[in-house]
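Novice: The chain contents come next:
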Amino acid sequence: MTEITEVPSPFCGIGTDDLTIKVDGVLLKVIENGCAVNTPAFEQPITDTRARVAGQEVSLEVAVAKAAELLKDTKLPLIGGCATDVNGMRGLLALADKAGAVVDNINFTGARNNFLALQDSGWMNTTLAEVKNRCDFLLVVGTDVEAFAPRFFERYLWNKESMFLEDTAAREVIYLGRVPSGTASTSPNGNPAQVFPCAIDDLPEVVAVLRALVKKQPIRATTVAGINVTDLQAIADKLLAATYGVVTWAAGALAYRQAELTVQTLSEMIKDINNRDTRCSGLPLAGKEGDQTANQVCGWTTGYPARTRFSKGYPEYDPFLNETKLLLDSGEADALVWVQAFNVKAVPPETSIPTIVVGRSGMTFAKEPDVFIPVGTPGIDHAGHAYRMDNVVAIRLKKLRDSGLPSTAEVLNAIEHAL
Amino acid sequence: MLIKLTSGTVYDPASGIDGQQQDIYIRDGRIIDKPADAVVDKEYDLKGKVVMSGAIDMHTHIGGGKGNIARTLLPEDHRQDPVHRSDITRSGCGHAMPSTFVTGYRYAEMGYTAGFEPAVLPNNARQAHMEMGDIPILDKGGYVMLGSDDYLLRLLTAKKDQKAINDYVAWTMAGAKAIGVKVVNPGGINAFKFNQRKLDLDEQNSHYGVTPREILKVLATAVKEIGVAHPLHVHGCNLGVPGNVQTTLDTIQGIGGLPMHLTHIQFHSYGTEGDFKFSSGAAQIAEAINRNKNITIDVGQILFGQTVTASGDNMRQHANHKHASPNKWVTMDIECDAGCGVVPFKYKDQNFVNALQWAIGLETFLLVNDPWRIFLTTDHPNGAPFTSYPHLIRLLMDRSFRNEVLSTIHPEAQKMTTLASIEREYTLQEIAIMTRAGAARLIGLKDRGGLSAGNWADITVYTDNTDRQKMFEKPDYVFKDGQLVVVDGKVVSTKWGTTHVVTPDFDPSVEKGLKDYFDRYMTMKLGNFKISDDEITEDGRGSISVHPLTGDVA
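Line order of the protein sequences matches chains G and E. Quick note on numbering: the first sequence equals residues 175 to 593 in the working numbering. Quick note on numbering: the second sequence equals residues -7 to 546 in the working numbering.
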């Protein structure tokens, strides 16, 4: 039995790397600095260690050969999930390139809200260490931050010391649109965050008015989606008065049509504030299940984010038409490779086409896939790299135990070579 | 296997060979002396061909976060240059900010065998190495960025001695796996976080009270004292600001004779004369370079067309965002380390400022006398994509072609440049110095950039052609570590290059202060910050090549 300290987590997206984990054979127990997201993700037991073809246990070689056979004469294979580490994504993209597949990350429909805004007008963003040391005002838009990343406030807002703030507990937090599920945003002084709730799909209107107020445009209405304009004026004033204001949102939490326009309005508002003699930055929350990793590696390998097809022999990005659900519903995809090394609950969508699952050991299926290859989890069963939410820091994931499970990269490289 | 390259016309400035007919022998990836006995397995008849070592781009943005932001920002640019996969090459995209695989192929197809990323943020160094790890064929390396990091500024404010700075710089180089140190807008990126919008050489950071001049001095001293061959790599203050020629001259004067490399100096050579209050400072800059032997430069030539600028200088990139074309841009503050700014640009020959920028770059090339102290760059992709190098070489080597292009640019810009009167044409040997021997010497690569025995066999063979653009865009052969990778300007096989680093010593007690700083203010543990060798080598493709420090016994 050993204890491993300073363990980084690929699960929470905010790059916590201070976990202490007790390792007993292949059993893990988080004994320090766990949270509702990380603890179960680390402690998930290993069940399957053998690959299966048609429900029958086989050797890895046989499973790989079967996977290659299923992919061999396909017209448009689809590689979904794409939840793995950097080396896993490297293998995945090599396979996609060779097989002429579509690559689509599991969280892309949410992330699309950010990409469309970024690719249309850009943004001014910041990273976690800047938040930790500089942020004096945090505006949370449409997102339950602590449900997303339970330790966000503890690590990056209520840190005891910062380089540039006298008293970190004096930072102010305001929620717009969504009510937080707990009290993590309450400052150590006992000051709770102010909350201005509205229906989530009313946020476009609310945010548009907020931007107008930042730009000192006259607003005739007195309320917007149930929020008093005087309250929005107070938020605008705080953004303009802050030394280093930060606006955060999780693209996936803005679950309504054309939410990219909300991200764009926020991002343009942040630019406006920076033109009014103070600083302000955006902080998009993400980094779950390898989503930033998928987009980064696909970005440097193809030029595009991880919703890209290789069917013509070169990468083609389409944030709408390359969606998993669309390709399955339309019947265009004729084989599915589901790659999910982090989350046993994220099983492939049900489909009648041949399905190969390269998934975390412990995954269970309503319908047994044609091929199931259990793989190790990056940061538990093998070393690796994963991007955290701010896309700058790639954390070095540690190997914690000897499970004998292959990595995603090993499996996908083997399938590619067998093709 | 013994390879013989027979009777090529060799330009090898590292050995003082200037266009002499010679044979070259290759075994086990390296160039060897003529073996007494052995049988030649493969011979290439290079009679009449021009032979140089593989070219080295000493400043090109090929790895790291801002490049990937630039890629993500511009899907429309990629769509115009899709790259098909083949049996031996991966698919991807080209133009302004190509995908990693295409970067490797296209560099190799121009005869380049190494590229160095000049702006590796310590906290983003893993990404820089991972991206470069996906660039085939090329060797690579990085200069780690310091000077706006809060740790250094705290050391300066606390009046720590030079030894403390040296230990910190050496430790950071080791942790980030670097071969050089760069400073970008010294202290300016940090000042932008405190809402300062400009920072002159002697202007104080509003929080730390430190000036860019002090930062340059301590970092240049540190680089020299810890024995790093590559001088401090400086992207100066006031990039792009009319009148910044004076800042640059003051920077040269202020460094007090220490070795210093001024990068993309074209963007720092602007005067304020004329009707448009924008003029060329190239002559003054060139005169200062010619006089100050401690200074090296690369040009950062702009060439006309669409590109994207990606820089650590978020202060200046924010100020320049109004020129974004297409109108979208990104800036970031990053990890109490640095920042970045990505702004797409379309340089137009009928725009007075762009036209004069073009002329300023060329004036600089032609007025600096010593080709060992000037390097051919476009600051890829900031001045132009690296794929435009053959065109740039023609502009330097062919006066009539240069003047032909000059006669087509904005007429007022033509009046504001002395370019038409400059007769100089670069020779093949001078090109070989700038892009090979000089670059290897500047970076401190012990066994690259030359064709004498003992060097790695990175070799490019061209067909002599008076159209230098045609000649340099399509080499007959390119060998990388002795492997034939390009024939007639097309990749025929691929391999993986190495990562060049230095490993300067530091007092291990430096980690005491750093651990405390990381625990209190950073977002990761000190131990998780440092990049280990296996991160570069574990995929079975990467390798690390350690180069000597100055003062090491070779």
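The reader is advised that the hints may include incorrect statements.
[What the hints assert, rightly or not] In the DSS-like style, the derived pairs of lysine-lysine whose C-alpha atoms are separated by at most 30 Å in a straight line are:
#, chain 1, residue 1, chain 2, residue 2
1, G, 572, E, 504
2, E, 482, E, -4
3, G, 334, E, 504
4, E, 152, G, 334
5, G, 572, E, 320
6, E, 504, G, 272
7, G, 390, G, 412
8, E, 522, G, 203
9, E, 438, E, 522
10, G, 389, E, 482
11, G, 445, E, 320
12, E, 482, G, 246
13, G, 390, E, 314
14, G, 412, E, 314
15, E, 522, G, 196
16, G, 246, G, 519
17, E, 504, E, 487
18, E, 190, G, 445
Keep in mind that the hints were calculated from the coordinates and are not lab data. These numbers were taken from a predicted model, which means no experiment stands behind them.
Novice: Each hint needs a verdict: does it hold in this structure or not?
Specialist: Quick rundown of the hints versus the structure:
no.	hint	verdict
1	572/G - 504/E	holds, 24 Å
2	482/E - -4/E	holds, 21 Å
3	334/G - 504/E	holds, 20 Å
4	152/E - 334/G	holds, 26 Å
5	572/G - 320/E	violated, 38 Å
6	504/E - 272/G	violated, 49 Å
7	390/G - 412/G	holds, 13 Å
8	522/E - 203/G	holds, 26 Å
9	438/E - 522/E	holds, 25 Å
10	389/G - 482/E	violated, 54 Å
11	445/G - 320/E	holds, 11 Å
12	482/E - 246/G	holds, 29 Å
13	390/G - 314/E	holds, 21 Å
14	412/G - 314/E	holds, 26 Å
15	522/E - 196/G	holds, 24 Å
16	246/G - 519/G	holds, 29 Å
17	504/E - 487/E	violated, 41 Å
18	190/E - 445/G	holds, 18 Å
Of the numbered hints listed earlier, those contradicted by the structure are 5, 6, 10, 17.
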